[in-house]
Amino acid sequence: MLRDIIKKEIQDTIMSPRFVFTFLLCTILILLAVYTGINNYQAELKEHSAAMALNKKNLESQQGYQQLAGLGTKINRKPQVLSTIVSGIWEAVGRVASVNIAYDPNMTESKYSSNPIFAVFGPLDLTFIVKIVLSLFAILFTYDTIVGEKEKGTLKLALSNKVPRDRLILGKAIGGFVSLLIPLLIPLLIGLLLLMVYPNVSLVGGDWIRIALILLIFLLYLSVFFTLGLFVSARTSRSSTSFLILLFIWVTFVTVIPKASVMIASQIKPIPSVHEITAQKDAYLQEIQKEAFAERTEYFKNNPAPDKDQPEARKKWEEGIRKWAEDLQQSLTGKIDERNAAIERDYQAKMQQQQRLAVNLSRISPTSAMMFGAMSLARTGVDEHDRFLSSVRTYKPIFTKWVNEKMMQGNIFGGEQIKPDLGDMPQHEFIPERLEESFQRVLPDIILMIFLIILFFVGAYVSFLRYDVR
Amino acid sequence: MLETKDLTKKYEDGLLALDHLNLRVEPGEIFCMFGANGSGKTTAINLILGFIPPTKGTAFVEGVDVVKEPLKSKEHISYVSENVMLYGNFTAYQNLDYFSKLAGKRKIKRTEYAEVMKRVGLQEEAFDMRIKNFSKGMRQKLGIAVAILKDAPNLILDEPTSGLDPKSGQEFMGLLLELKAKEKSIFISSHDIFRAKFIADRVGFMLQGKLVMMKTSEELHGEDLNKLYLEYMHEHSVDE
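In order, the protein sequence lines correspond to chains A and B.
Under this note's numbering, think of the first position of the first sequence as 1, with each following residue one higher.
Under this note's numbering, think of the first position of the second sequence as 471, with each following residue one higher.
Bound conformation, chain B alone (with noise of 0.2 Å):
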């Protein structure tokens, strides 16, 4: 479980990016965050993570406080960044390899990898190949591929569906349902509102730090999420 608390980030120059963000997210739960650029949503996930230190708040994994015990939080959280690079002088099986050690987990044999990157839809083939000939949309599967082999209950995705092509983010979003059946919470920011209504279970809209709006995916039902989230943020903005 996933749950920030007052969760607020004042840069120097004055710049309040996060501003007393309130959110849970159970286990088993899809909860997408939406926004432009610039609004927090990517403040958020660095605060989760412990990158950066809030202004004010908290926020807490699997009940840790992540600003008290820091490295102790990141023991339940899997991260998928916007932009998988990795290692690319590695190939995918040492990639992964060397994620999951620090990651904690040392016996994962070979055909372990190999199934799971079977299972986030990579080719045997890709398995021996270094990474920097890989795709945008096969890394971004890896890093997916790394998140699993984590195992953690919770999994945090920034733009996870940037860059892939329509195929590859249907099959991503199958996948993460897969996940949700397995009672990870799910946090995923994103701007790809299209496929997220399909999978989420609630949604928020954050606009200048602030989470405006959050609804689930039931209070949702037959609206246009799109039409929905433009109408939204152009009525907050005219009110700022």
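This is chain A alone, in the form it adopts within the complex (with noise of 0.2 Å):
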């Protein structure tokens, strides 16, 4: 009897017009998202290669290291092949960050400042399709699971049978689920057979099993709202009513909880400003110039230089100075480093604490759930972008040494400077996550949407067994 219930579902659903424009449209959508998701990977792979030969041209055309360290260098990040199907937060905050020993690095050139239309309107990547189109399906198909046939009188009718109220209501959420994956999974697979036939597009084992992880994600996020459909269809009289009901939380998911969470999350825990925050590193800067200004006043004064006729004295005279000098520079850039990196790492932690907040505020919605869950098996999220940034930030001191040092190897005085040698320039390095560590991120978000689908479904479940049909 169930499977009779559970084909009738899927037959009813798969003959309604709903079904066949769903279909189409999830088909044409998908594609489409897989497909740009492609031209743009491609797209910034050609642009990070190009980029890293641009940086690499320019290096070697610095005169001297003088010039190097104020230029620095430019670290590009590389595009993430799971972009293709998360685009994450990657295209907002920035692809290069610039290394040099004045300013403390951070991402720049976002695809949004190079193209403002684009921050209008969003990339069109799958996760936005699941996130916003195929939720509001999976409502679309189960506001009228049970309200609808009591309005037909077909509950009545199948009830007049021996048919128990609890076979009824899981063969019909068996069916439903089983039609709201056909139009989802069809292109999905095509989409994935793109992935896997576009040149530059490789995907390697530990990817497959992300992208495996990232579709239970979507199943899991869409299966909420299967499930909340179903136990508003089985608490509602009427099917309009069911339809704004989840309309209703449809919203307060999707976009109230995820804005709200993060405006509440800034009011409990305040950060600084970007503007304090620079304000502060420069004026320590300042404080430090004046120091070295001191410095080096008072030594010329206790050192003053020898007579041009004394050259061994002038020599020896010189070679105080460069070690000085060395010295001063490695003290003060260290001080620098120094405090610019507790400002930072007190900023850092406060915002990491607001993000946090934000974040798990904002996981009572499905919808935050499944972006972290996504972007995180994507390698396209916050954390990723923190732990690339940190990688760069804990690169500029290396730098911000190694150039120092081959400063002071130089001539101090002027004259010609020395051509910068950058084979022993130290590279940054960075270690995407690892897919243990990614999973044991998503797992709260996981953890989380299958309670959701339980207290739902068993809250339809039991509204379904006391349920009017009358």
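These are calculated hints, taken from the structure and not from any lab test.
By construction, the Cβ of each residue, glycine as well, lies at the ideal position given by its N, Cα and C atoms.
Check the hints yourself; a few may be wrong.
So the derived list for chain B, only partly shown, Cβ under 10 Å to chain A, looks like this [to be verified]: (1) L519; (2) V554; (3) D567; (4) R576; (5) V616.
Quick list of in silico lysine-lysine cross-link-like pairs, DSSO-like style, CA-CA up to 30 Å [said to hold, decoys possible]: (6) A:K162 / B:K650; (7) A:K401 / A:K335; (8) B:K480 / A:K162; (9) B:K577 / A:K7.
So these bits of chain A aren't anywhere near chain B, every CB distance computed over 10 Å [to be verified]: (10) M1; (11) Q11; (12) G70; (13) L157; (14) L159; (15) N303; (16) Q352; (17) V382; (18) E437; (19) S463.
With the hints as a guide, bring the two chains together.
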């Protein structure tokens, strides 16, 4: 009997105009999203290679270490292959970080800054389609599952037979969910085939596991809305009421809770603005510059230059200055780096507290859980961005130390500069998050969605057992 | 056989929808229950079918207590509701097949479905038509076909002729007489006094949840049932 109910539910949905509409729209959108993702990724790969080559050329063209220290090097973030399906925040936060001795590195040159129109509409990726379009379809498929049958009178007719209610709701749930999966899975599989056959999109074993987990998260997310639809449908006596309630909850989950969480978190745990932080750093820089000037004056007062007719003494004096200047430079940049790092650490700690609060608050909504989960697995989310930026900031003092040493080895009294030798320049290294770490990060989101699915399904189940079919 | 014993339903808001209904419909008998809207006819049906629990009393279907063994009791009842909608995206055949399977009839052949459809007055062409294109009368006939296929000894019909044209109504009554001849106990809730008087073995009048009058066809012989109903309703509402 359960099989008959499931079969009927699938047949009834498949033969309905809304299924045809959903299937067509899903196919177009999903394939378009994957195609756009692949094109964006390929363009980013090209841009990345070009930017790396340009950076190398720029470094090589520097006449001396002084210019190199000021110009610095550019760290270009390599595009993530899974940004083809989950673009995440990378397009918004920038792809390049400049590392020089003066400033703290930050990500710049986002896609939005180069073309602001992208910021208006946002990316069309698979996450967006699942988050907005498919969750709406899940509601559209379920809002009248129970109440619609009551209105048609078919519920009374079905229950006038020897059909246990629990079996009926189970059959309807399974059949309805399978019907929802068909318009999702078929275009998704075609999309994955596209990923496989496209050149320059090389997916390794770990990527496939990540894709499988992302798809699992999408399924869980849709299941939340599906079971919610079932629950509301089993709690209402009119399908129009059911649809309105579900629409209200959908808007709350998809837009209100995520935005409100960020606002609430910023009120509860405020952080200083970027301008305040910059002002603090600038003030310290000025302080250090004054200190350097005073020390320089003091040094030259205590160590007057020998006459030019005393070449030996003059050479020794110059050596002394070189040593003193190198030590001073290292000491001052060390102080600046240390202080800036302390300010940055404090700022980052506060920001992370705020972020954590916002994330945890927003997790009440399955939309946030799905977004965070998918982005973590695709390594295009906030955490990966923080890790990348942190790696750049770790690299900064290494680069500074190297360039300072090189500068001091050169002629500090002007004249001909030494052409930089980039052979021993330390390179920035970034190891993307491992699968185990990503999985641990998304586990709470998965558990939360499973909890919501169970909650809503049990709610629907119990409600249907007591449902007034009249 | 259908039987109710002191079947009572009082809702949480205090409304007494059915007040101690005692009734017995024997095999091969057609019982027609008349009454205004809200008089308790549909409540009685909902209680017999176990859609709502009674406040007091119970009903028996082939001797099975509908409160104690609701699922078992449903094996013995076929039900035809007012305004049968069924599944609009399904064909007539698919609807018959699904509801027959729910009724536990798993080995019905396509030819048997077609035969029952003909019996209820549906054309062969309608067999593979989606029923969203059916008229109300055609859907009602299909609802009867669902009930016939279940082949239960008891048949409950809630306003079965509402919306049927005179010809379909006449055919429908003929069909009920056929079922009566097969020893089915038939319980009809209706407003259609005109048609029902020709086929009913007994009639009952409901007023504010109470069965206020019950007469056999012999007792009604020569009486104008429509007039009697109106007089009875007026008299009792004055008493109230």
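Here is how each hint holds up against the structure:
1. L519: OK, holds: L519 (chain B) within 10 Å of chain A, min 5 Å.
2. V554: 6 Å, holds
3. D567: Check passed: Cβ of D567 (chain B) comes within 9 Å of chain A, closer than 10 Å.
4. R576: 9 Å, holds
5. V616: 7 Å, holds
6. A:K162 / B:K650: 23 Å, holds
7. A:K401 / A:K335: 12 Å, holds
8. B:K480 / A:K162: Since the Cα atoms of K480 (chain B) and K162 (chain A) sit roughly 26 Å apart, the hinted pair holds (cutoff 30 Å).
9. B:K577 / A:K7: 17 Å, holds
10. M1: Answer for M1 (chain A): violated, closest chain B Cβ roughly 7 Å.
11. Q11: Q11 (chain A) not clear of chain B: closest Cβ-Cβ about 7 Å, inside 10 Å.
12. G70: Per Cβ check, G70 (chain A) is outside 10 Å of chain B; nearest 72 Å; holds.
13. L157: 6 Å, violated
14. L159: At about 7 Å from chain B, L159 (chain A) fails to clear the 10 Å cut-off, so the statement is violated.
15. N303: Label holds. Min Cβ-Cβ 97 Å, cutoff 10 Å.
16. Q352: Given a closest Cβ separation of 53 Å, the condition holds.
17. V382: Since the minimum Cβ distance to chain B is about 45 Å, V382 (chain A) lies beyond 10 Å and the statement holds.
18. E437: 48 Å, holds
19. S463: 16 Å, holds
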